[in-house]
Amino acid sequence: MFLAKLKGKTGQHQILMNDNNELNSINFYKAPNIIEAVLYDPERKRQQNEWYYVELTDDQKQEMISPYLSKAESSADLNRSTKDDYQNIESVYRILDPDIIFTRITDGYKIENKMFLNFHDTGHATLETQKCAIAFNGVPDAYFDGDRRLYFRDFSKIRVLFDGIEVFFREATRSEKEAFLKKDLFDVDQNLTPDIIGQRASLQIAAILNDNSINLDDQESHEKIFSSIDKYPEASVVLSDLGKIYIRDNKELTRVLNLLSSRYYTSDITGKKMESYGSVTLSEESGS
Amino acid sequence: MNEIIVRLLLSLSSYSGVIYFFVINRQDIPYISMRLFGVVNQDTFWARNFIYTVLFVLLAYLTLLVTKKVFRAGDSLIVSEVRPIESVAVPTYIGLFVIALGISNSGDASAVLVLVALFLLWTRLEKIFYFNPIWLFFGYRFYEVKSKDGNVYTLVTKKDKLKGSSKFANLRRINDYTFLED
Numbered sequence: 001m002f003l004a005k006l007k008g009k010t011g012q013h014q015i016l017m018n019d020n021n022e023l024n025s026i027n028f029y030k031a032p033n034i035i036e037a038v039l040y041d042p043e044r045k046r047q048q049n050e051w052y053y054v055e056l057t058d059d060q061k062q063e064m065i066s067p068y069l070s071k072a073e074s075s076a077d078l079n080r081s082t083k084d085d086y087q088n089i090e091s092v093y094r095i096l097d098p099d100i101i102f103t104r105i106t107d108g109y110k111i112e113n114k115m116f117l118n119f120h121d122t123g124h125a126t127l128e129t130q131k132c133a134i135a136f137n138g139v140p141d142a143y144f145d146g147d148r149r150l151y152f153r154d155f156s157k158i159r160v161l162f163d164g165i166e167v168f169f170r171e172a173t174r175s176e177k178e179a180f181l182k183k184d185l186f187d188v189d190q191n192l193t194p195d196i197i198g199q200r201a202s203l204q205i206a207a208i209l210n211d212n213s214i215n216l217d218d219q220e221s222h223e224k225i226f227s228s229i230d231k232y233p234e235a236s237v238v239l240s241d242l243g244k245i246y247i248r249d250n251k252e253l254t255r256v257l258n259l260l261s262s263r264y265y266t267s268d269i270t271g272k273k274m275e276s277y278g279s280v281t282l283s284e285e286s287g288s
Numbered sequence: 289m290n291e292i293i294v295r296l297l298l299s300l301s302s303y304s305g306v307i308y309f310f311v312i313n314r315q316d317i318p319y320i321s322m323r324l325f326g327v328v329n330q331d332t333f334w335a336r337n338f339i340y341t342v343l344f345v346l347l348a349y350l351t352l353l354v355t356k357k358v359f360r361a362g363d364s365l366i367v368s369e370v371r372p373i374e375s376v377a378v379p380t381y382i383g384l385f386v387i388a389l390g391i392s393n394s395g396d397a398s399a400v401l402v403l404v405a406l407f408l409l410w411t412r413l414e415k416i417f418y419f420n421p422i423w424l425f426f427g428y429r430f431y432e433v434k435s436k437d438g439n440v441y442t443l444v445t446k447k448d449k450l451k452g453s454s455k456f457a458n459l460r461r462i463n464d465y466t467f468l469e470d
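The listed protein sequences derive, respectively, from chains S and C. Per my numbering: the first sequence = residues 1 to 288. Per my numbering: the second sequence = residues 289 to 470.
To be clear, the hints were calculated from the coordinates, so they are not data collected in a lab. Errors might be hidden in some of the hints.
Below, in silico cross-link-like pairs of lysine to any residue (SDA-like), each with a Cα-Cα straight-line distance of 20 angstroms or less [claimed, not checked]:
1) LYS357/C to ASP437/C
2) LYS357/C to ASN24/S
3) LYS71/S to ARG460/C
4) LYS71/S to GLY362/C
5) LYS436/C to LEU69/S
6) LYS357/C to ASN20/S
Using the sequences and the accompanying hints, generate a full structural model.
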């Protein structure tokens with residue numbers, strides 16, 4: 001079944017094609033061949049051939065995926081897309097139960113009252129006016145594998161398609177940033193307020209607060225952190241007279257957040273001290 | 289365009305019972321010879337009406353064939369409630385047949401105008417369910433069903449004594465509220 005979703009959180013789902021003859025014409029629109037996939041990290045830049053993925057819990061599947069899958073069960077409850085609806089189409093998707101392929105449709109794909117010169121094997125070119133069409137290249141922007149993984153390339157492009165996906169791109173709230181800066185571990189300059197903390201740092205703060213392996217209130221964790229400061233003086237993380245981590249501005253905050261996120265490391269191979277721009281915890285599956 | 293034409297044909301076929309009762313009760317239709325252009329003798333009542341009956345049934349059958357040709361199967365439906373539609377449609381039909389029998393005795397052209405007006409009214413009503421009593425003889429039943437989302441549809445199916453919640457696949461969408469299952 002090939003369907004469209006209109007704009008908005010409660011945007012209607014509509015049928016584009018649902019009989020076998022029609023669906024044969026879009027056989028090229030199929031699940032992408034994903035060779036390289038990495039767990040989504042907003043800090044990590046995707047390589048050319050890589051796909052990001054997120055693992056969905058049952059509740060997240062219910063929130064993000066079920067609204068799409070359920071449409072295939074009772075398509076009679078859906079209307080067919082007409083030219084009156086075309087301008088409001090936000091995405092198209094194909095259900096290959098249980099997989100789903102999604103393509104975001106932005107205004108740039110929509111063709112309205114445009115003239116095309118058509119060329120033929122013989123005879124002269126002809127002029128045709130396309131009144132109401134969508135340029136569809138069949139390239140998926142997101143793909144649900146039918147189990148738990150949602151794959152995508154560009155988070156900002158697909159975030160509008162899935163309710164609740166922001167949890168994977170969560171910035172710290174104002175109160176969370178405030179609570180972070182007030183930790184006993186830090187000696188924060190009064191000019192550094194939650195309001196001037198940038199998006200990147202907000203993402204890191206959210207990730208650190210959500211990471212159960214980092215306890216900023218625990219004495220044992222403090223010792224490990226101070227040990228890391230000693231090990232990487234190149235990171236320029238400074239301690240105040242009170243023996244706390246001194247943070248005067250956003251630059252120093254960034255260095256502290258990188259330290260807490262284990263971005264500074266020593267290569268086992270070369271022995272050199274390195275800084276990464278994103279990292280993912282290795283699991284047993286990472287090597288497969 | 290094909291779908292629009294077939295829907296009109298469905299309305300016509302559904303309405304043809306009214307025309308049928310109109311013609312079998314008349315000796316003549318204004319401006320149209322009851323001798324069927326010389327094919328049948330005017331006095332041969334049974335032969336004439338037999339032909340009308342065959343045409344009436346044939347129209348219903350051909351409409352069904354054309355409907356299946358034009359409207360492709362592909363829709364699914366999860367039904368939570370079912371109600372046979374005959375109890376609603378048949379009284380309406382009987383009323384129209386009585387009108388047809390009544391005006392067929394009228395000698396003037398206004399009878400034809402009434403028929404046409406009734407047909408136009410019928411096409412507006414029949415947009416909803418296209419009930420055709422002849423299809424009952426072909427084994428079809430007409431149901432009013434409610435989907436899991438609470439929408440109400442007409443479902444034409446060969447399944448008899450349909451009750452409770454059911455799932456249907458490969459339905460033909462006649463319009464957004466009428467579906468046919470082979």
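Taking the earlier hints as the rules, which of them does this structure contradict?
Hint check: 1 fails alone, others pass.
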